[in-house]
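These protein sequence lines are chains H and V, in that order.
Be aware that the first sequence starts at 5, since it is given in this note's numbering, and climbs by one per residue.
Be aware that the second sequence starts at 16, since it is given in this note's numbering, and climbs by one per residue.
Keep in mind that the hints were calculated from the coordinates and are not lab data.
Please note: incorrect hints may appear among the correct ones.
[As the list claims (entries may be wrong)] Here are the simulated lysine-lysine pairs, DSSO-like style, with alpha carbons at most 27 Å apart: (1) H:K289 / H:K509; (2) H:K289 / H:K119; (3) V:K24 / V:K35; (4) V:K36 / H:K289; (5) V:K36 / H:K509; (6) V:K36 / H:K119; (7) H:K289 / H:K463; (8) H:K509 / H:K119; (9) V:K35 / H:K509; (10) H:K509 / H:K463; (11) V:K24 / V:K36; (12) H:K47 / V:K24.
Quick caveat: nothing in here was measured; it's all calculated off a predicted structure.
Here is how the chains run, residue by residue.
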Amino acid sequence: MNLLPPEISEIVAANYGLIIATLVAYFAIFLFITWMARRQLVKEAGDYIVASRNLGWIVVTFTMYATVLSGVGMAGIPGTIYTVGVPFLVTALSGIIISVALLWYFGPRIWVLGKAYDFATPGDLLGDYYQSDTIRIYTVIASLIYNLAYIVAQLLAGGILLNVLSGNVIPLNWGVIIITVVVMLHVVSAGLRGIAWLDFFNGVLIMFLLALFGFAIMTVGGGASSVINGLGEIRDRFITTPGMIGIFTPSRIYGVALGLSIGSLVLSPAAWIRMYSARGKDQFKKIGVFLLGLWMVSHVIGTFFIGAYGRIIYPNVENPDFVSSLLSVRVLPIFFASLFLIAVLAAIISTADTYMHTLTATVVRDFLKAIVWPDMDDAREFRLNRLIIIGVAVVGVLMALTNPVLITPLAIFAGGITAQLLPPLVGAVCWSRATTPAALIGSGVGMVLTLIWELQGIKMLPVILPHPLAPSVLPGLATAFFINVFLFVVISYMTRPQSPEQVEKYHGLLAREL
Amino acid sequence: MSWNEDWLKANRPPASEHPKKYTFIPSGSGRVVFFYFVAIIILDYLALTFLGGRPVVILGMPLLIWITVIFAALTIAGIMFFSRNDDNSSQSVDTPPSQDE
């Protein structure tokens, strides 16, 4: 298992008092936010899951930013820019830009339907529109795969970081357990409101430090042009398509963006729940524009220069995911370097708490309440949410300690699963000709093919069905998505449409409200 | 255990009786919005294809990043322009009072 490089451990040992004081200060603020949010928690499922649909647009923006950024944005994306070059930055940003446009379009529609029919999860909306529990279970499967993949990666990364920040006082396994317990208690105590408020604080901290990091690199490196020219003989390959590893063509950039950004920022169950939780349908313009601004600054000024300068200073680093941590202690004053390491921890916590909350909410609402226990009342749903998160935490810890994996490939693959829900969502909110058989077959085939091709790609599955296209043409998840879209359209035209009542309930309402 | 596939029992009319008013590509201003965003995505893709391989640096930033910055600016401009009347629209679905701002 890869622990942080010895250079960081040495810096931590030399500045132990300062780092521990910063860590204690962070957790004191964390506890204060939990306490504040707990005071406002109404013990109902609707308040616990979607914060009574009353979060302001700034809070929604920062909770989406901090949640999606995660350890992937702070460590994985700079590490992949280090390996691939600028084309990977363009991949992440292109996906975010399209996601923001989709968020602006789908956000008000999801919000209106959620408000009118008391929806709290993706399964509520898709299961009800298509009148099918199989579709509902698709959303639970997507939620299980997506959220567990991220939870495991975050808990493992959090454990490693806590081990290093504590100067090896806290062993890795205990670090994972401590992060899990802290996150679980936070979610159980404060619900989505507490998660969103903590994300606001974490998001501001992360944004500030990424921008500071980028400016520090430009200062140390003698300006932006000097940093790029410092890449030497690899400069031209680093800043152009198809990148350092020769496969990031425009079609691959768009294909990977589908899973990395669109699957996470628009179609993940956590993003969906945040759309329900906004205070009004008119907030999505501000959320989209502000979110895009945050991402552009974070990636263009922060992660790009971290990846590029890391390539110059540490050309042969063993694990590129650690390049941002390594570089922080080299270019930032020690206080800000320790704060950066704590910001990585903050990003990890912001993702882990959200995904534990979301996974529990979808399992309770879309499996236990919809199928196993249909007459479950609100109070019981609320209590079950708080109980089942313990099971989610235990599974997360066990998987983190037994299956350590690289962060970014897992994130792309998990987003590819949730991206398969886009066609049924389009059918539910803007294409009334879509039919249930089309949603059942299209999404089902899309998810299975994504699983097979992406797991084969990261060698977690033997080759049972070869991906028909070269990696430089399209990644497996994008091919699976286009097959899903094709099946969805063709089968919709071959089968009978939804009932007029159902069409009016959804499309009629949206036509009147928007 | 209750597994519902109510769509099998629902009154689903033949396609010929299906109303044509809720289409994927909307009419009126919605059509302009749709084609605007499709056009800028195609423009970005073409720019990546034909300019992405050029090792040019402008004001300290690679051309690839500038292409993406312009794509972002066009997206923000589109969102701002096409939702310029939203702030004045009424909110007919009941909402609780503000909490976080």
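Now for the hints, and whether the structure bears them out:
1. H:K289 / H:K509: holds, 25 Å
2. H:K289 / H:K119: holds, 18 Å
3. V:K24 / V:K35: holds, 23 Å
4. V:K36 / H:K289: holds, 26 Å
5. V:K36 / H:K509: holds, 14 Å
6. V:K36 / H:K119: Holds - the C-alpha atoms of H:K119 and V:K36 are around 24 Å apart, at most 27 Å.
7. H:K289 / H:K463: Answer violated: H:K289 to H:K463 is near 41 Å, above 27 Å.
8. H:K509 / H:K119: holds, 13 Å
9. V:K35 / H:K509: Holds, at about 16 Å.
10. H:K509 / H:K463: violated, 45 Å
11. V:K24 / V:K36: Given pair V:K24, V:K36 holds - Cα atoms ~25 Å apart, limit 27 Å.
12. H:K47 / V:K24: Outside the cut-off at roughly 37 Å; violated.
Taken one by one, the earlier hints fail for this structure at numbers 7, 10 and 12, listed in ascending order.
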